[in-house]
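One line per chain: the protein sequences are A and B, in this order.
If you read the first sequence in this note's numbering, its first letter stands for residue 5, the second for the next number, and so on.
If you read the second sequence in this note's numbering, its first letter stands for residue 0, the second for the next number, and so on.
Keep in mind that the hints are not guaranteed to be accurate.
As the list claims (entries may be wrong) - Derived DEER-like restraints, expressed as beta-carbon distance ranges:
#	chain 1	residue 1	chain 2	residue 2	range
1	A	Thr519	B	Met17	52 to 60 angstroms
2	B	His165	A	Arg405	17 to 25 angstroms
3	A	Asn491	B	Val173	19 to 27 angstroms
4	B	Tyr170	A	Gly76	44 to 52 angstroms
Because the hints were derived from the structure by calculation, they are not lab data.
Backbone N, C-alpha and C define an ideal beta-carbon position, used for all residues, glycine too.
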Amino acid sequence: MGDIKGMVKERTYDAIVIGSGMSGGWAAKEFTEKGLKTLVLERGRDVKHINDYPTASMYPYEFEHLGEMPLGDKKANPIINKCYAYGEDTAHFFVKDKEHPYIQEKPFDWIRGYQVGGRSLMWARATQRWSDFDYEGPARDGFAIDWPIRYKDMAPWYSHVEKFAGISGDRDGLAQLPDGEFLPPFPLNAVEDYFKKKMHEKYEHRHVISERIAHLSKPNPIHLEQGRGQCLSRDLCARGCPLGGYFCSNSSTIPWAAKTGNLTLRPFSVVHSVIYDEQKNKATGVRVIDTNTKEAIEYYAKVIFVNAGALNSNLLLLNSTSRRFPNGFGNDNGLMGKFVAFHNYSARMSAQYDGLKEFTTIGRNPAGGGYMPRFRNLFKQETNFLRGYAAGFSAYRSSGRQSDGVGISFKENLLNPGIGPWKVGSHMMGETIPKETNFVSLDPLQKDDWGIPLLKISVVYDENDEKMKKDYFEQFTEMFTTAGFTNIQLQDSTQNPGIDVHEMGGIRMGADPKTSLLNKWNQLHACKNVYVTDGACMTSTSTQNPSLTFMALTARAADHAMTQLKRGDL
Amino acid sequence: MERRSAIRNLVVITGGFMLLPSCKNTPGKASVGLKNFKINASQENLLAEIASTIIPATNIAGAKEVGAHLFVLKMVDDMYEKEVQQNFITGLDYLEADAKRQFDQSFANCNADQKQKVLLDIESKKGYSKEVFDFYAIMKQRTIEGYLNSKYVMTNIIKYEFIPSHKYDGYYPVKNL
Chain A
5 MGDIKGMVKE RTYDAIVIGS GMSGGWAAKE FTEKGLKTLV LERGRDVKHI NDYPTASMYP
65 YEFEHLGEMP LGDKKANPII NKCYAYGEDT AHFFVKDKEH PYIQEKPFDW IRGYQVGGRS
125 LMWARATQRW SDFDYEGPAR DGFAIDWPIR YKDMAPWYSH VEKFAGISGD RDGLAQLPDG
185 EFLPPFPLNA VEDYFKKKMH EKYEHRHVIS ERIAHLSKPN PIHLEQGRGQ CLSRDLCARG
245 CPLGGYFCSN SSTIPWAAKT GNLTLRPFSV VHSVIYDEQK NKATGVRVID TNTKEAIEYY
305 AKVIFVNAGA LNSNLLLLNS TSRRFPNGFG NDNGLMGKFV AFHNYSARMS AQYDGLKEFT
365 TIGRNPAGGG YMPRFRNLFK QETNFLRGYA AGFSAYRSSG RQSDGVGISF KENLLNPGIG
425 PWKVGSHMMG ETIPKETNFV SLDPLQKDDW GIPLLKISVV YDENDEKMKK DYFEQFTEMF
485 TTAGFTNIQL QDSTQNPGID VHEMGGIRMG ADPKTSLLNK WNQLHACKNV YVTDGACMTS
545 TSTQNPSLTF MALTARAADH AMTQLKRGDL
Chain B
0 MERRSAIRNL VVITGGFMLL PSCKNTPGKA SVGLKNFKIN ASQENLLAEI ASTIIPATNI
60 AGAKEVGAHL FVLKMVDDMY EKEVQQNFIT GLDYLEADAK RQFDQSFANC NADQKQKVLL
120 DIESKKGYSK EVFDFYAIMK QRTIEGYLNS KYVMTNIIKY EFIPSHKYDG YYPVKNL
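The task is simple: from the sequences and hints, build the whole structure.
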């Protein structure tokens with residue numbers, strides 16, 4: 005409005021990417037590598053690889069409370085304090101409750117990281133491909149809608165992102181968890197291997213494999229070219245890794261994009277809405293609010309990638325209204341914001357093993373141990389609930405530290421505790437079923453500092469989740485008993501949805517514009533030059549950690565967008 | 000710098016903890032700055048004696064020498080509700096009163112055996128009030144935590160390694176430990 009032409013030109017790019025996290029970083033990399041002038045908008049501050057990891061090399065005693073969050077912080081920020089990765093060493097990467105409020109219509113803990121790199125800085129780094137057992141899941145089992153893509157569509161893109169990000173893992177040859185382009189795995193330990201063997205003896209389809217993880221166990225030239233080095237098991241990943249040992253936007257995709265000379269990274273830029281041009285039936289750009297100056301600025305591009313993070317992408321498009329889209333950008337069927345799902349992480353188990361006492365572990369395993377891909381309802385429906393769960397499985401040799409006593413002998417034990425028996429643990433990662441009744445919407449009255457409506461989240465567990473959890477406890481009790489484990493403990497957590505940090509959906513993909521928002525290339529059915537490729541696009545959740553799929557979908561969609569641009573179709 | 004504060008600074012530096020000294024070097028006042036509750040110098044001294052009884056100095060420094068008792072105060076100040084803080088002081092005072100009743104002298108002046116007996120009796124829940132048990136649970140847990148995470152222990156005794164000197168081995172023979 006009222007801009008002179010030259011200034012508009014300065015604010016015009018080939019592509020705009022909203023968000024610099026896990027998926028936004030990939031869009032930036034793909035576009036800039038192929039010569040597109042790309043603007044990446046990030047609502048938070050910049051976080052430069054290494055320079056902005058202030059705690060990366062701090063000793064425990066250099067933290068005021070040895071890393072523990074003080075009571076005042078817990079009271080001021082009850083939601084973020086529930087996140088396992090939030091502590092004195094990482095607090096600067098997490099959004100505090102008060103800074104960016106949202107409305108819990110139902111209790112949902114929304115964990116966010118507003119900075120360049122987003123949550124890719126603090127993620128748990130587990131990376132597994134989906135298979136057709138996942139992509140065909142909704143169609144086979146009759147929930148949500150059919151995915152418009154299959155594994156064969158995704159396989160080359162999984163390879164593409166794996167090679168660049170660097171994924172360590174074994175080639176396990178499992179149809180339900182396809183092998184990828186792996187660097188050497190972090191191996192299982194004695195008891196993890198023992199459990200694997202026991203499961204193999206008793207069950208046909210219960211596999212324990214090395215956790216596949218985005219760490220450079222042995223970097224290839226492409227990783228060294230990014231300036232990243234080998235993971236040396238510091239195991240302080242969420243502080244940011246000065247070695248670049250694990251994948252995050254900050255160490256990998258963003259600097260790679262910057263090196264091309266085609267990237268403009270604009271931090272402190274919250275996107276208010278996407279601009280729609282009725283004549284062209286296209287998005288022409290975005291309205292940005294500079295969070296420092298509160299100035300509103302428009303930026304323009306031929307193609308817009310929405311990678312704000314699953315729920316914020318919903319918020320942004322719902323807030324992008326026009327005469328053509330009164331209910332949100334591309335929301336012709338009124339389904340935007342609905343069918344939100346997550347992963348059910350509310351169950352854990354632990355036990356003890358008194359065998360294999362001749363072995364212990366030494367050093368640190370950044371992969372954390374083993375992974376069991378879904379075995380329930382895999383080949384056919386076999387239980388009274390839909391779908392199933394993957395599970396982590398890990399073993400460690402406990403400490404022989406005594407808690408009773410005082411004095412010299414107590415001190416000697418404290419400093420030389422020796423070792424106790426092996427302890428084992430497992431946690432459930434359950435698929436949840438997307439439903440219309442699990443949704444996000446905009447509050448009609450309350451707004452944030454930038455005049456953007458607050459997000460209302462209305463997402464809860466259902467009966468299927470409860471049945472699945474019961475089954476997890478039963479099956480793992482049986483499996484632990486089979487393995488001769490003792491002192492088996494069930495931990496049924498009352499944690500809210502969201503704390504799994506795997507929220508997905510709301511702008512789902514599908515073949516039919518009546519029942520979905522995005523087509524098979526992640527384009528909005530109703531406006532083809534807007535792509536949504538973060539967690540918001542997910543039609544179902546499966547059990548695998550989702551980031552790898554977000555990355556692959558993004559690279560695939562970016563490739564599609566560039567082909568379309570070349571043809572003049574966008 | 001007068002000797003007392005020189006020693007205090009030495010203690011704090013040895014432990015490596017991020018502690019603020021109290022504003023005024025008034026006799027009778029505790030040495031560590033607290034925001035949420037008050038403690039006097041003799042109570043602080045008593046905490047040092049208890050810490051020292053739990054983890055005494057040998058040829059390796061003990062809890063008192065690394066300032067673990069000051070770390071305990073810091074944590075009580077920042078980690079707990081007001082009631083817990085008050086109860087901590089009450090429990091500490093009760094412990095002192097019980098020691099005086101039993102041995103006719105302050106805990107600080109008891110001999111090593113007497114001090115150990117007091118703490119071991121508390122651990123076996125014998126003859127003390129709930130306030131004392133609650134005080135001691137926090138005191139012991141935080142003393143151990145402060146001691147093991149002190150700069151002294153982490154650089155001299157159980158060395159903290161950012162990069163482990165051993166590559167991960169899940170089949171490491173116990174006999175090689």
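Now for the hints, and whether the structure bears them out:
1. A:Thr519 to B:Met17: 52 to 60 angstroms: holds, 56 angstroms
2. B:His165 to A:Arg405: 17 to 25 angstroms: Between His165 (chain B) and Arg405 (chain A), where Cβ atoms are some 20 angstroms apart, the hint holds.
3. A:Asn491 to B:Val173: 19 to 27 angstroms: This hint holds: roughly 21 angstroms between Cβ atoms.
4. B:Tyr170 to A:Gly76: 44 to 52 angstroms: holds, 45 angstroms
Hint check: no violations occur; every hint is consistent with the structure.
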